Amino acid sequence: MAARPRALIVRSAGTNCDAETAFALESCGARATILPAQPFLERPEMLSDYQILAIPGGFSYGDDILAGKVFGLELAARAGEQIVNLVQRGGVAIGICNGFQILVQMGLLPGIERPFGKPEVTLTDNDVHKYQDRWVRMRVTSDRCVWLKQGETLFAPAAHGEGKLIPRDEALRRALHEQGRVVLRYIGPQGEDDPPFPHCPNGAVDSIAGLTDRTGRILGLMPHPERHFLPWHHPTWTRDGLADLPDGRKLFERGVGAVS
Amino acid sequence: MAPNPSSPSTFLRVEVATRSGFPDAAAKKLAAEIGRTLERPVQVELVRGYSIAFAGAAPRDDALAARLHAVLADPVLHSSQLLSGDAPVPTPSAGFRRLDVVRRPGVMDPAAASVLRALEAVGLAPRSIRTYRAVLVKGATSDSELQRIGARCLANLLVEEVRLDPREAIAPFGELAPAPFRRVEVPLRAADDAALVRLSKEGMLALDLAEMQAIQAHFRQEGRDPTDVELETLAQTWSEHCKHKTLTSAVELHGDGAPRRYDNLLKETIFAATQQLALPWCLSVFRDNAGVIEFDAEYAVTFKVETHNHPSALEPYGGAGTGLGGVIRDTLGTGLGAKPILSTDVFCVGPLALRDDELPAGTLPPRRILQGIVAGVRDYGNRMGIPTTNGAVFVHADYRTNPLVFCGNVGLIPRHKIQKAARKGDLVFVLGGRTGRDGIHGATFSSLSLDSSSSTVASGAVQIGNAIEEKKLLDAVLDARDRGWFSAITDCGAGGLSSAIGEMGEELGADVELARVPLKYQGLTAGEIWISEAQERMVLAVMPEHAEELRALCRMHGVEATELGTFTGSGRLRLTFEGKPVADLSMQFLHHGLPKRMRRATATRTAPRPAPLPLDVDCNRLLLQLLASPDITSKEEIVRQYDHEVLAGSAVKPMVGAGGFGPSDACVVAPRLGSRRAIAVGCGMSPTTGAADPHAMALLAIDEAVRNVVCVGGRFDRLALLDNFAWPSVDDEATLGSIARCAEGCRDVALAYQTPFISGKDSLHNQTRTKDGVIRIPPTLLVSAIALMDDVTGAVTMDAKRADHHLILVGETRDEFGGARALALLGLDAGGAAGTVPRVDLPSARRLHEAVARAIASKRVKSCHDLSEGGLAVAAAEMCLAGGLGAALHLGNVPRPAGLDHDATLLFSESAPRYLLEVAWEDLDAVSRLLAGIPHGVIGTLTERPVFTVSGLSQKPLLQLDVAKLTSAFRTGLDF
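For the record, the sequence lines run as chains A and B. When you line the first sequence up against the working numbering, it's residues -8 to 251, in that order. When you line the second sequence up against the working numbering, it's residues 158 to 1133, in that order.
With the rest of the complex left out, here is chain B (with noise of 0.2 Å):
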């Protein structure tokens, strides 16, 4: 689509800049990146520019400036320029070169809307805006370093275009054409088996021969070639991004114990111990948008996390933002509309010093990946409102291509909202933004695997959210819900509106008119309206006496509503354009019609292969570097980006300590205003474990997320999980063999803790095919977990908190350092094979964490930290930074198996599930009763000099730091 300028005389340009003397921190902060780039200074100055058009000839009047002046720029900060559309773009002052930075016809331009409103203010009424940045930079000449500028630092030329010295003004969109209407039908009852293949590929449809067939056998039955929107609809409701189809599909597992066979691989295992464990708190699981837990005698809360993988691959900033709408849509689409009341964020991405030409063609680096996702999350969760609390960053080498951004949100509902139902005569609404091309194919495009044509093919699925029309949208829809107008409400997420009307009609069947769907421009077929992607909307099934209430209702709240249809209980999902049928689908073969899948998986788990640590070891340095590495340094560059605090219920942050700078295990919200009920959310990941033994893997992340939970005082009896399975493809019967033991694993723990799991995703093909092959990206498995709490004051932080209290180390260390962070460190890992990976015993760490709860809960633990990377050096040393004090251990009391008698293994291992717990004298014998039966130790006290010491098994000394060294060390940062 490209629309064509609208004629010069009609349009006006107001260019605004800050005027000498005061302060542009943007540009500062500009020039200091494109520095970075060229390896020299430069001079930069922003220009933002407004492009407006009108009806008729724009007005002429001589206040116009001063009326543009007084809304377009800062009176006290800026000065603006009013120029006619014809008018030639300014020249830029000696030295300086000018780049001009457009959004390209189509991608989202948040800022024009309330343009257009604050001009209607001032008594203008403008047809449209377009809005504009102009870049003047001083000190690089070459155009070719000007284009490396505006790819590098300006622009995502996949979204946005760089002008050089542009002559020509920017000319705001003018209309579109409608498009005309085209009924077209398939030849598919005729296709062979070739030719199925070659339409699935053509229409990017990503359905294998298998499906192709079934929906040809369909058909035949009809008696009728499917038109191309029915194949569309099939395409999305059976996509692996919508249909789950291979953790669904039907699994033979050979190897790794007894040959055992799945008809449904999830729902026999952690959907299967979910519904074994049948507790009465799990009051919707697997079923909903999200899943919903008992928070009090009124309230449930809502849990969801989601993946948007290649949509951050490609556009970073857009891709993560919309994936953190996304799933803010899916709380609100819980039940019949849950408030959010948190956000979390995971990302995973490629070692952050690799440069462009260290990475094959096409992708972005990962520092730049890393900046965007960051920016994305903190522009759309500030603007929500939505407190973002929790997360984690790891890096790998094989994320950086494909780097994993998880976002989570937590909702809170009333008890009696919590069921939905369409209900035959019900009407089809759809609420909040219009819809455009937006992310056209991105259900399907995420179910197939990356590559370097990615960035062109997929440019249609790359979205740009707009924060403002979903806060908007989600104040009018709690509105309505509490007036009980709308029986069912499901978001448009991937597969747009096919697949929220077609889940929500599931059961009756719809007929909906796609002339009616309100669009950004002209010029969409009836197909691209009916799958577009496009963010910020939500579909309703509206009671028809109440219609007209909600239309006035979403009118005071500034959001679109339009009815589309009805939900009829034909059982058939019946599309028209203007009257004429595009589609007539059958609900159920839409929904159960999917070929069963059984495929053979292998399951390999490689040998343990110990990797003693030299006896050498220096450990001052190993625990220096550790602190600095990556997945443990300080996120707090990033947390701070955040509003953690919105909302209010903020109890426990997610900086914590004297100094605000220490890492808190999870964080601790109590949502209702005036009530002491509160929920604690956390997270693991065990990425380089899953390699070697996927089963572990999954029992590590699990515990490790429990442990947090439990940490802050959360309530092992009232702990709930989620599941992110993102793994490469999956089409070999071991990588199947592998996702099929990881939720194997998931049961077991589900079952030995009685810790269910409420809701899960999954994301696969998260690979990418290079000229010098394939890369995939680690097996990996996010564990999220929700713990309730009775009362918010109970809450403990990891920082510690008084000189001469006690550290009590619960749990056994084992030489076990597969996957260790050391290990990588002393370059022994092998590329993450060697080690032994560290087993859970569950039935002991069950009792374990019970244990630690009822410790904590006595009130008698001052602070509480998990250990994960690093160990017990990490873990400690983390305690006392954060609290401002030192610490002298001891490891003769640290609890391992008879012969463990190697100081450094005692330190850096990764054994699991281990705490540290602070303590006082007086509660020593107290605490110690709690924990009878559990493996545990005192290991040293806390002191108030300043200093970090350990001494060995032989009571030599082995480690001392100042607290200062490893506060700096761990406050290092990631530098992105």
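For reference, chain A alone in the conformation it holds in the complex (with noise of 0.2 Å):
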């Protein structure tokens, strides 16, 4: 058996589910390490000793400006290549809830035209224009990603204020579900597509929870896996009893699993 892979998990001042997100990869046989921007950024070539990177939740610089904003200016300019090598070399990547934004900020994903650069989508004000912390439905839409089963449903606290997706026009949106980027999608208590608030939280173009980019191997979504990680974290459990395998968990050991 391989040896335990190893996850870096970046920080910026406002990141704040970085201690989840390790304990999530811990539990899936990773070993997970948690460091703040700066030394990254002045050495991001580190990212070579690693298979996975995770960039997780909260308000990255306030997410002043606009959510994932500055941090992913940041990553661009200074570790965006690192990011491309180690999918390229068969490692993973995650950005859950801003970390999503900040790849989406970065242009890692999509990454339709190139594997990084200008935004083509972005993550804007909910419909509701207000911050909701709900739990949410979604399927998996493609079979593009490591991270996800095509198929499966995946039950998910969705905790952000920007989810709403908007890709640049209507070409890049085609190409999007063309490609088989759209990997999650919001769906409603019975299964239903295209499902209205509540279930879909934000108001994203065609119910979009999450993307993929080209090689599959990088996911970002806006709901929180992590936080559907053990069983007494489901909202009804005290009715339906403690699951075995929570959702959050079977994601994170295919993630997990796909460089071990």
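Residues from chain B that keep clear of chain A, each with C-beta distances beyond 10 Å, as calculated:
(1) D300
(2) T405
(3) D514
(4) A991
Cross-link-like lysine-lysine pairs, in silico, DSBU-like; alpha carbons within 35 Å at most:
(5) B:K792 with A:K121
(6) B:K1016 with A:K241
(7) A:K121 with B:K295
Read the hints as simulated data drawn from the structure, not as lab findings. None of these values were measured; they are calculated from a predicted model. The beta-carbon is built from N, C-alpha and C at its ideal position, and this holds for glycine as well.
Mind assembling these two chains? They're in different frames, but the hints should get you there.
Okay, structure coming up:
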């Protein structure tokens, strides 16, 4: 059996989901290291010692200007190439909530035209224009992403104010679907497509909750799989009992498994 | 202070707007708010502006616009415009009028730092940034309308300025000149009493004559006059806010029992009870910034609840945000630093329908206040990444000018990090945010009562927080704690550096060079630096040998760390500015010189005035009214705006049940990932009974808090309490009597239940002078409860689980409607005076709580809910709507005193303590055995058919409602 894969969790001022993300990766067999932005940006080549990169949720630099903007600019300027190399040599990466916003601002996701560069989609204010913490159902709508299995559903809490995904234009929207980059979509309680609020918490175009890159090794999603990792995270466990394998745990086991 | 704008040629502006065809949710929401104010629809467009100053001339290259666009705009959503500083403001398109909203000088601009950082990432090096908003409105015509919009919907004029149709560009602030050093001596020794009183008032010192005389006597001994800074330091340290003079004063209490005397009211009631109980799991109580109790073998939990009332009355958003920020720093400043794991928030506001013209001048409408405090807690708490997991909202007319904002925080700390003490030779370090004029006189301000001029007097006391600054500080401090580099820490709260360093150096004395304190802007005097309440700062006693490592660590976290001086061992507080002495105070006098006050208090208890419900009361209608009433209706609208699951500890959420909208009694959090050990946190309050019987109010508030945590599975034998007294001014015997009786009530319950108080705080002077007299808040005691849970999977929620399960009512129902919601809704409460205040019989109540806790521990209780506002009817209805089930109740088995035969009384009385338990048929006997000797009865069953029915004592149908109807009534929500 191979050595435990190494996971790097990069945090900036305002990142606040690093501990639970590390716990999830560790529990699934990875060795996780949490590192502040500065030492990482000074030596991004350190990424070559890792197989997994995670950018957790939070409010990087207060999400001033735009959600994920400032940290996204820093990462793009200093570490973009290294992240592209990571997945090209078989590593994986995940951006959750603010992490997803950061990957989008870097242009790493979806990266239709180039591996990364100019943002092609945006994650902006929820239609209800307020932060919403509520559990949502998603369906895996593509077989492209190593973190997910097509057809499965994922139940997890969304907790964000800016999760409405909008593609730059119609051509890009079509490309997202044609190339199987739309990997997660919000669904209704009975599995209905394109459900209304609150089942789709933000009004995202085509109810898009998550995207992957051209390699299928980078996943970005708004809801928080690390918050549905332990059985008692589930909002109705006192009614329905404790699950053996919570949805969020499945996702992390796949991701870590892809590099083990 | 008014910084002079720098000359235009050296700055640029970028204005960012949403491209047509893309949504702007913010603009839509604002348009709705403005429409509501003008009572007609309007169109709104929003522009975000950045005014960027450069050291020399602003750069002019062609690529600049593109570079700035890439940083300040969303390439998908936005268009942006680059304007030179001197260019005129762009004229809005036809029919629109432009309002610029800009922060006043010196008001925190949290985004500025991030923008600087982002611009540096693309190779620009500006000198300073000033952000602003432009609002374009179509449909509002007259200037007066626009001014109304500006004041009501766009800005708080206390901290922001609204410019109509601006021609002038908004310029970045220029540099200010340093304030010239002045050493001011106050001629105190020669002053007569009148002069002493005047000096206190003019200096906003909030010191009374006796205190001024004590200071005068001290300096006569010293043979000199005090400096202004010394006087300020004494005023801060002796302020009601920091010293709790009233609750710790000597009190002679007459009435409502035999006369008794306390040398220190607080110490000899609440605190004494905790000491008498001497429970081994109480690790640090009433000593540190928070109470500390055992969690497991390695960790302890800390808990503190604070108030931030007056700042929130003036600037709700900033006041509530900094209130939360402050209590989070209390956690960080407990022991050698605890890690915050959850926050709580309780708000008391006036009726939300009140309009400006129904309110005294200078007060914001309650609706606006609630919007502001909810947003303030949301933005600060969510950015900190600390879940807000428990809270409550109370509405009462007498909170309309003086809202109450309680913010609590629980922390986790390694048990070997609980003790702290600065050592001789340790260095005085300040970490975190820079110091400005923010919140100057906050401590003394909160010791005065509000009036219509407060908004001008206290504008300095308003604080705007920067959560990200505090998050960085938090990460850096915990990192340094684990490396053992400092021997003591405390937060900069009320009184700023003066309180923090004064406290830490109490035993040792300290030398401090004020000129070293990093400033947001120049121009502060030594005294202002010393007492500024700028947010996001902690003071540490750093071991000299680790000073360098600490600086490096803080650099990595992007936190400023500055050495200010040394803890000396001289026993004196010596302050210098650029080497020149500005203060030299005896720590002994500073901390123990406050003259002891001896005050007489009289306790009165209004005799019970039974107010029987009319026999013909329409129970259907009353129940629906109750479910929709402000104190009971769903708070989901607020709860969902708070991140209550970050840190992944959440096991019982604020909203529970099949549909996720059932009101949980308390939250359960398992803070150590991978461990099943957990805590339950809840609260209780009974502000409607305090006027009639403050002692009973204490019992009711505590018992409700206890019930709430027991309901979810918290251990009754590992339950700790916090008190927060919020009172009007306590300058007359009767009001002092009411606070004393309330304190005695806290003591009585603590001893009877063996549930210790571990921390507390009081906030007095919650009243407002208006031209029609003084508006005093109802005496208000908030009790917060925290209970240990050995295994999180033993938690129980309040939602009804299965049809055919039975409902057991535990506890006796009496004709007790004092302060009851039903009485108020029926208009029979005579302003709160009518009805018998519920009486908690402590010995039997303790047995009852123990029995219910045992039943829950036996895993035979499928759901559990406490009876409080609205009584049995509301509790049962809430269980049904949360579980999506119906119920058939019969009042025949309701435990009650002989002779009580009025159905509506049994349904709506607010007697305590009472619980509703859901139990399966096969478990009924076992649970009944566990409840042996406790009044209880099976009062009905749950049904698949979603209908809620109650039949009365005479078996005749009394109430019948579809659960869907109950649900929509409960989900009405607060209209703000």
